[in-house]
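A.B. asks: This is what each chain is made of:
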Amino acid sequence: GAGVSQTPSNKVTEKGKYVELRCDPISGHTALYWYRQSLGQGPEFLIYFQGTGAADDSGLPNDRFFAVRPEGSVSTLKIQRTERGDSAVYLCASSRDNTEAFFGQGTRLTVV
Amino acid sequence: AQSVTQPDIHITVSEGASLELRCNYSYGATPYLFWYVQSPGQGLQLLLKYFSGDTLVQGIKGFEAEFKRSQSSFNLRKPSVHWSDAAEYFCAVGASGTGRRALTFGSGTRLQVQP
Numbered sequence: 003g004a005g006v007s008q009t010p011s012n013k014v015t016e017k018g019k020y021v022e023l024r025c026d027p028i029s030g031h032t033a034l035y036w037y038r039q040s041l042g043q044g045p046e047f048l049i050y051f052q053g054t055g056a057a058d059d060s061g062l063p064n065d066r067f068f069a070v071r072p073e074g075s076v077s078t079l080k081i082q083r084t085e086r087g088d089s090a091v092y093l094c095a096s097s098r099d100n101t102e103a104f105f106g107q108g109t110r111l112t113v114v
Numbered sequence: 078a079q080s081v082t083q084p085d086i087h088i089t090v091s092e093g094a095s096l097e098l099r100c101n102y103s104y105g106a107t108p109y110l111f112w113y114v115q116s117p118g119q120g121l122q123l124l125l126k127y128f129s130g131d132t133l134v135q136g137i138k139g140f141e142a143e144f145k146r147s148q149s150s151f152n153l154r155k156p157s158v159h160w161s162d163a164a165e166y167f168c169a170v171g172a173s174g175t176g177r178r179a180l181t182f183g184s185g186t187r188l189q190v191q192p
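Just so you know, the sequences run in chain order A and B.
Counting in the numbering used here, the first sequence tops out at residue 114, every number present.
Counting in the numbering used here, the second sequence tops out at residue 192, every number present.
The hints are simulated quantities; they were obtained by calculation from the structure and are not laboratory data.
There may be inaccurate statements among the hints.
[Unchecked claim] Here are some chain B residues the structure puts well away from chain A; computed CB gaps all over 10 Å:
| no. | residue |
| --- | --- |
| 1 | 92 |
| 2 | 137 |
| 3 | 145 |
| 4 | 167 |
| 5 | 183 |
[To be verified] Some chain A residues close to chain B (C-beta under 10 Å, calculated; not the full set):
| no. | residue |
| --- | --- |
| 6 | 5 |
| 7 | 43 |
| 8 | 50 |
| 9 | 53 |
| 10 | 95 |
| 11 | 105 |
| 12 | 107 |
| 13 | 110 |
| 14 | 114 |
[To be verified] Here are some chain B residues pointing at chain A (derived, C-beta under 8 Å):
| no. | residue |
| --- | --- |
| 15 | 102 |
| 16 | 126 |
| 17 | 178 |
| 18 | 179 |
| 19 | 180 |
| 20 | 182 |
| 21 | 184 |
| 22 | 185 |
C-beta: ideal position from N, C-alpha, C; glycine also.
Input sequences plus hints: build the corresponding full structure.
C.D. replies: Below, the structure written as C-alpha cells:
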C-alpha cells in the first residue's frame, strides 16, 4: 500500500483479555517500530525490528507485551492480560534506511 | 540517554502571525532531529529533519527549523500561520551513527490559531 496501515483502528477490550494489533509497513521498508502514545504525551518507543529480528526491545514495559515480525513485513504487537493502564494509541512506523520514519494512523486501545 | 524538552504545552497565535515552537534536546553526539505534526485522529506527519550540514532546515507547509548546537535547540518557525496549522507538534531526537535507531519524542506543543 501507499502508507503504513494499522488494524484495527479502534479496539475495546475487557481487563484481563488478550489483544493483537497489526501493522502493515510500506513495501520494502526493512525497519519497523512500535510506539505507544498516552493522552497528552508524545509517543514512547516500545520495540524496533530490523528485518525479522527485534533489534531493540528495551521499550517494552513488561513481559505482557510481545511483538513479532515473522516474514520481515507485517508485524503484530501482542498484549496479554490487558490492564486499564494499557489504554493508549499504539503507533507503528516503518523506514527504508533508518533515517525517516513513516507513521501509521495508530490503533486506539481502550481497556475497560 | 537522549531526551527532548518542549517547554510550551499550549500556544495560541493569531492567523497571519509568526510562530516559534521551542525544542531542547539532550544527546551526547550530533543527533538526528525531527519535527512532526499530528492533527486530531491522525498519525504523525514529518515536517522536517536535520542530519548534518546547513543548520537552517526547510520543511513542508512553509516551516523551517534551526539547529543550534551551543544551545542544544532545534526550534520550529513559520513566518505566517494559517488556520490549518492548528495541531499538535512534536520534536524528536534520534541517534546518529550506530546509536539507538528509535526516536525519543518530546511531550508536544498544542498550537491553537485564532482568526
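A.B. asks: Give a verdict on every hint.
C.D. replies: Structure-based check of each hint:
1. Consistency note on residue 92 of chain B: stated as away from chain A, and its beta-carbon is indeed over 10 Å from all of that chain's, at 25 Å minimum.
2. With a minimum CB-CB distance of about 12 Å to chain A, residue 137 of chain B clears the 10 Å threshold, and the non-interface call stands.
3. Residue 145 of chain B, annotated as away from the interface, keeps every beta carbon of chain A farther than 10 Å; the closest lies near 21 Å.
4. With a least beta-carbon separation of about 5 Å from chain A, residue 167 of chain B fails to lie farther than 10 Å from that chain, contradicting its non-interface assignment.
5. A Cβ of chain A approaches the Cβ of residue 183 of chain B within 10 Å, the least distance being about 5 Å, so the stated non-interface status is violated.
6. Below 10 Å, beta-carbon pairs count as interface contacts, and residue 5 of chain A has one with chain B at about 8 Å; its hint therefore holds.
7. Satisfaction of the interface hint for residue 43 of chain A is found here, the shortest Cβ-Cβ separation to chain B being roughly 6 Å, below the 10 Å cut-off.
8. Using the Cβ-Cβ criterion of 10 Å, the hint placing residue 50 of chain A at the interface with chain B is satisfied: the shortest such distance is roughly 5 Å.
9. Nearest Cβ of chain B to the Cβ of residue 53 of chain A: about 13 Å, over the 10 Å cut. The hint is violated.
10. Nearest Cβ of chain B to the Cβ of residue 95 of chain A: about 8 Å, under the 10 Å cut. The hint holds.
11. Checking residue 105 of chain A against chain B by beta carbon gives a least distance of about 4 Å; that is within 10 Å, so the hint holds.
12. The restraint placing residue 107 of chain A at the interface with chain B holds, with a minimum CB-CB distance near 4 Å, inside the 10 Å limit.
13. Using the Cβ-Cβ criterion of 10 Å, the hint placing residue 110 of chain A at the interface with chain B is satisfied: the shortest such distance is roughly 9 Å.
14. Interface restraint check: residue 114 of chain A against chain B, minimum CB-CB distance 20 Å, threshold 10 Å, status violated.
15. At its closest, the beta carbon of residue 102 of chain B sits 13 Å from a beta carbon of chain A; the interface hint therefore is violated under the 8 Å criterion.
16. Contact between residue 126 of chain B and chain A, as hinted, is supported at the beta carbon level, the nearest pair being about 6 Å apart and thus within 8 Å.
17. Contact between residue 178 of chain B and chain A, as hinted, is supported at the beta carbon level, the nearest pair being about 5 Å apart and thus within 8 Å.
18. With a least beta-carbon distance of about 4 Å to chain A, the hint placing residue 179 of chain B at the interface is held under the 8 Å criterion.
19. About 7 Å separates the beta-carbon of residue 180 of chain B from the nearest beta-carbon of chain A, less than 8 Å, and the hint is met.
20. Restraint check, residue 182 of chain B versus chain A: the minimum CB separation of about 3 Å is within 8 Å; hint holds.
21. About 5 Å separates the beta-carbon of residue 184 of chain B from the nearest beta-carbon of chain A, less than 8 Å, and the hint is met.
22. The criterion of a C-beta within 8 Å of any C-beta in chain A is met by residue 185 of chain B, whose closest approach is roughly 5 Å, and the hint holds.
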